[in-house]
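Protein chains in written order, with my numbering: chain A, 1 to 214; chain B, 1 to 226; chain C, 1 to 382.
These aren't lab readings, by the way, just hints derived from the structure by calculation. Hints are not guaranteed to be accurate.
[As the list claims (entries may be wrong)] Under the rule of at most 27 Å between Cα atoms (straight-line distance), these lysine-lysine pairs were calculated in the DSSO-like manner: (1) Lys210/C - Lys2/A; (2) Lys83/B - Lys60/A; (3) Lys83/B - Lys2/A; (4) Lys22/B - Lys61/A.
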Amino acid sequence: MKRAVPWLLTFVAGALMINDFFVPHRTHAAITQELQQWGLIVVAFTYVLGMANVFDLHFKKIRRGSSEALYSIVLVGSMLGMAALGIFHDHQGEHSPFIWLYNTVYDPLSATMFALLAFFITSAAYRAFRARSTEAVLLLSAAILVMLGQVPVGAAIWGPDSFLGGFPGLKDWIMDVPNLAGKRAILMGAALGAISTGIRVILGLERAHLGGGK
Amino acid sequence: MDALQLWISTALTLCILSFLWKDNPLYKLAEHLFVGISAGYYIALAWQETIRPNLVEEVARGNWIRLGAAILGVLMFTRFVPKISWLSRWPLAFVVGMYAGINVIAFASGDLILQLQSTMVDVVHDGWTAVSNVILVIGLATSLIYFYFSKEQKGALGVVSRIGIFFLMISFGASFGYTVMSRMSLAIGRTRELMVSPATTGILLLAVAVFLFVWGRRQRSTGEGA
Amino acid sequence: MIRGAAVAAACSVLVAAGSATAASLSDVTAKDTPNDGGRSVTVTWETSADTPADASVRLERVDASGVVTEIAVVPASQAHVVDGSSGQEGPPDRTPVSYQVTLEDASGASLAVVSTDPIMALPQFFHRGRLNVLVMLGVFTGLLFYNIWRANQGTSHFYIRRLAPVDAMDEAIGRATEMGRPVLYVPGIEEVQDIQTIAAMLILERVAEKTANYEVPLTVPTRTPFVLAVADEVVRTGCTAAGRPDAYRPDGIRYISNEQFAYCAGVNGIILRDRPAANFYLGRFFAESLIFAETGFAAGSIQIAGTAEVTQLPFFIAACDYTLIGEEFFAASAYLSRDPSLLSTLRAADWAKVILVLALLTGAVLESLGMSAFRDWFSVAG
Numbered sequence: 001m002k003r004a005v006p007w008l009l010t011f012v013a014g015a016l017m018i019n020d021f022f023v024p025h026r027t028h029a030a031i032t033q034e035l036q037q038w039g040l041i042v043v044a045f046t047y048v049l050g051m052a053n054v055f056d057l058h059f060k061k062i063r064r065g066s067s068e069a070l071y072s073i074v075l076v077g078s079m080l081g082m083a084a085l086g087i088f089h090d091h092q093g094e095h096s097p098f099i100w101l102y103n104t105v106y107d108p109l110s111a112t113m114f115a116l117l118a119f120f121i122t123s124a125a126y127r128a129f130r131a132r133s134t135e136a137v138l139l140l141s142a143a144i145l146v147m148l149g150q151v152p153v154g155a156a157i158w159g160p161d162s163f164l165g166g167f168p169g170l171k172d173w174i175m176d177v178p179n180l181a182g183k184r185a186i187l188m189g190a191a192l193g194a195i196s197t198g199i200r201v202i203l204g205l206e207r208a209h210l211g212g213g214k
Numbered sequence: 001m002d003a004l005q006l007w008i009s010t011a012l013t014l015c016i017l018s019f020l021w022k023d024n025p026l027y028k029l030a031e032h033l034f035v036g037i038s039a040g041y042y043i044a045l046a047w048q049e050t051i052r053p054n055l056v057e058e059v060a061r062g063n064w065i066r067l068g069a070a071i072l073g074v075l076m077f078t079r080f081v082p083k084i085s086w087l088s089r090w091p092l093a094f095v096v097g098m099y100a101g102i103n104v105i106a107f108a109s110g111d112l113i114l115q116l117q118s119t120m121v122d123v124v125h126d127g128w129t130a131v132s133n134v135i136l137v138i139g140l141a142t143s144l145i146y147f148y149f150s151k152e153q154k155g156a157l158g159v160v161s162r163i164g165i166f167f168l169m170i171s172f173g174a175s176f177g178y179t180v181m182s183r184m185s186l187a188i189g190r191t192r193e194l195m196v197s198p199a200t201t202g203i204l205l206l207a208v209a210v211f212l213f214v215w216g217r218r219q220r221s222t223g224e225g226a
Numbered sequence: 001m002i003r004g005a006a007v008a009a010a011c012s013v014l015v016a017a018g019s020a021t022a023a024s025l026s027d028v029t030a031k032d033t034p035n036d037g038g039r040s041v042t043v044t045w046e047t048s049a050d051t052p053a054d055a056s057v058r059l060e061r062v063d064a065s066g067v068v069t070e071i072a073v074v075p076a077s078q079a080h081v082v083d084g085s086s087g088q089e090g091p092p093d094r095t096p097v098s099y100q101v102t103l104e105d106a107s108g109a110s111l112a113v114v115s116t117d118p119i120m121a122l123p124q125f126f127h128r129g130r131l132n133v134l135v136m137l138g139v140f141t142g143l144l145f146y147n148i149w150r151a152n153q154g155t156s157h158f159y160i161r162r163l164a165p166v167d168a169m170d171e172a173i174g175r176a177t178e179m180g181r182p183v184l185y186v187p188g189i190e191e192v193q194d195i196q197t198i199a200a201m202l203i204l205e206r207v208a209e210k211t212a213n214y215e216v217p218l219t220v221p222t223r224t225p226f227v228l229a230v231a232d233e234v235v236r237t238g239c240t241a242a243g244r245p246d247a248y249r250p251d252g253i254r255y256i257s258n259e260q261f262a263y264c265a266g267v268n269g270i271i272l273r274d275r276p277a278a279n280f281y282l283g284r285f286f287a288e289s290l291i292f293a294e295t296g297f298a299a300g301s302i303q304i305a306g307t308a309e310v311t312q313l314p315f316f317i318a319a320c321d322y323t324l325i326g327e328e329f330f331a332a333s334a335y336l337s338r339d340p341s342l343l344s345t346l347r348a349a350d351w352a353k354v355i356l357v358l359a360l361l362t363g364a365v366l367e368s369l370g371m372s373a374f375r376d377w378f379s380v381a382g
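Chain A with its partners taken away, still in its complex shape (with noise of 0.2 Å):
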C-alpha cells in the first residue's frame, strides 16, 4: 500500500496523459480532461499547506520577539487580510479592497522588481566583458552586435542600405542563423532529457517523490 499504489497512481495517470494524445475517442478523452481536473483541484488544496508552513515559519518569529518579528507580523497579516478580502468579499469588482491593494501594492511591487533588472543586466554585462577564452569573446562578439543592430546608433554608423545590410542586418542574420541553431540544439536536446525524465517518473525508476526506494 505504502509504495505500490503510489507507483501505481504515477503510472496510470502519466500513461492516461500519453494515450490521450494518440487516442481522439470522446470517452478517454473525458476522463483525461476530468483527471486534469482533479489535478488542479488536489494543487488548489494544498494552499492550505502552504499557509500552514508561513505561520508555522514566521509564528517561530513571532514568539522569539527577535527584531525579525515586526516583518514577521507584516507578512502574516497581509497574506491573511488579502486572503480573507478575496475569499469573503468581492474579488473583481474595480472598487473592491482587493484590487485596490492589488493595484495600490501587488502591481507596482512586480514591476519594480522587474525593473530592477536593467541594473543587474549592467553588471552581468560587465562581469561578462571581463572573460577570457575563445567562447566568452564569442558571446561578447554576438551580444554587441546584436545590441549594435538594435538602437538607432547601429543603424547610424553601419545603416540598413550598407553591405551585408549594416548592423541591423548583421543582427537579423546572427539571430535567424547560427542563434537558431544554438536555439534549437538546446530545445531538441532539452526535449529528450525531458522525454527520458517523464517515462523514468512514469516507469518509478525515480521516485524520490513516492518516499524513495526500489
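Please arrange chains B and C on chain A, whose structure you already have, making use of the hints.
Okay, now just chains B and C, sitting in the frame of chain A:
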C-alpha cells in the same frame, strides 16, 4: 489612481529600489508586505477560481465524480499527521505522474519533431540563403552532438562538439544582447511612473534618503561600538 | 448495410426548380470525420464554374425519422462543412443520417439540391495523423528499455563524460560545511506541471542526501505550495537515503509566494540574510534568474545553475560559477545517482541524438533535391 494609492505605491517602489544600495529595513518591510499580499492574493484565487467553480459548484450540480478530487486533496492534509503522512504520497504520485505524461507528449510532438522538421532546409539552391542554411544545419547537428554524454569528447567527437559549443555561445550572446534593450525599457517605464507626480516622488525620495542616512550611521556606530 | 466511416456516401441529385442559371453541385460527399472523438460528419462539395460568387450553401441534416435540422449556411466556395465541429452538437454516433446540400443565390433562391446517402458518425481509437509521433516515441522508448535491460544484466559498462557543474556541487556543499553556512536550493519558478520542476525535484533528492551526510542545513524556497509538498517529501527521502532521517529540517522548506517577483524578493531576502555558502538554481527560470544570480554573486556564494530555458541560460552563464545547459540539466539526477539503470537512459538519449542528426542531414539533402516527402512525414496533425 487616487492620491492615497499614489503615495503608497510610490513609497513602496522607492523602498524596493533602496535595495540597490544594500539590504535595509525599508526594503525588508516592502519585501514582506509584497510577499504577504501576493501570497494572500493567490490563496484567494485558488478558492475563487479553482475550488469553488471546479469542485464545490460541480458537486452541487450533481457531478459526484469530482468528490474523487476532493478526497485526493484532503489526503494532502495527512502530512500534518506523521503516522499516516504516507497517504499524502497518493495525490503527489497522481499529479506528478499526470504532468510527467503530459510533458512526454508535449516535448515529443512539439520541440523534438517540429524543430527537426523546420531545419530540413534546402542547402543547395538560392545562393546566400543556401549558405545560411548550411550553417544552420551544421550548427544544429554539432550543437546536438555537444550534448553527447556516453563518450569522451576527444578526437573527431571533440572537434565536432567544440564547433557545437561555439554555436551555443553565439546563441547565448545573441539572446543576451537582445534582452538588454527590453530590460532598459522596463526601467525607463518605471521611472516614468514615478514621474507622474514629481512632488510626491521628491518628498518620498527625501524621506527615504534621510531614513537610510540615519539608519546607516546608526549601523556604523553600532558596528564600531561592537 | 451502412458501413459508416470508410464509405463516402453516394449522392442523388434532386431537381432545382426555377433556377435562372445552370449552376450545379457535384462530388457531394458525406464522410465520418477522421481522427476524432465521434459525433461528427464532414460534408464536402464542388460547384460548377458558373456558380455566382455570392452563392451560398445551406446544409441540413436529415435523421432516420425524417426530421430536418439546419446545420449551417456558408459561402459556396468554402466547399466543406463539419457537422459537429467544436461547440456544435453533431449527429449521434452509430446512427444513420443523411445530408441535404442546397446551393442558393444571393436572394435565397435554390439553384441546386443534392441529398447524400445515409452515413454514420463513429469515434476513432487511434489518430492516424500522429503515427509519426508514436513511431518516434516508440523508437526512443525501445532504446531506453534496451539500455536499461543491458544495465540490469550487468554486462555493459557505461562511460558518462564528466559534468563539471555537477561535480562542483560536492565541492560547494563541502565549502558550506567548512563555513557553517546553509545551502540554498531554488527549484525554479514553475509549478510541477513543468518537467523542469520535476527534474529539479529529482536532483534535490541527491542534494538532500549529500547535505544530510555533511550535516549542512538545506533551504528550499518554493514558489507554489504543491512544489513545497513535493520538495518536503523529496528532502525527507534524501535524508533517509543518507541514513540520516534526523537531518531532515522542515523549517528549511518554505513556501514564499506564487507571484514571480514576490518570490524573487523573498529568495533575495534569504540570500542576503542567511548568506548561504552555496546557491543551486536548478529548474525553469524567467526574468528573475539574473536577480538571483547577481544577488548571490554579491553575497559571495558559490553558484551552480541549470535550466533548459534558452532565454535565461546566458544570464546564468554570465553570473554563475557553473551552469548546466539544457539536456545536461536533465541528465544531472542520473549522473548524481550513479545508478546504472538511470545512467543507461543517458546512453539511450545519445543514440536518439545520433538518429536525429542523421534524419536532419538526410532531410536537408532530400529537400535540396526537391523531394519533400521525408520532411513532410515529420508534420504533426493538430
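Hint by hint, here is what the structure shows:
no.	hint	verdict
1	Lys210/C - Lys2/A	holds, 25 Å
2	Lys83/B - Lys60/A	holds, 24 Å
3	Lys83/B - Lys2/A	holds, 12 Å
4	Lys22/B - Lys61/A	holds, 23 Å
Taken one by one, the earlier hints all hold for this structure without exception.
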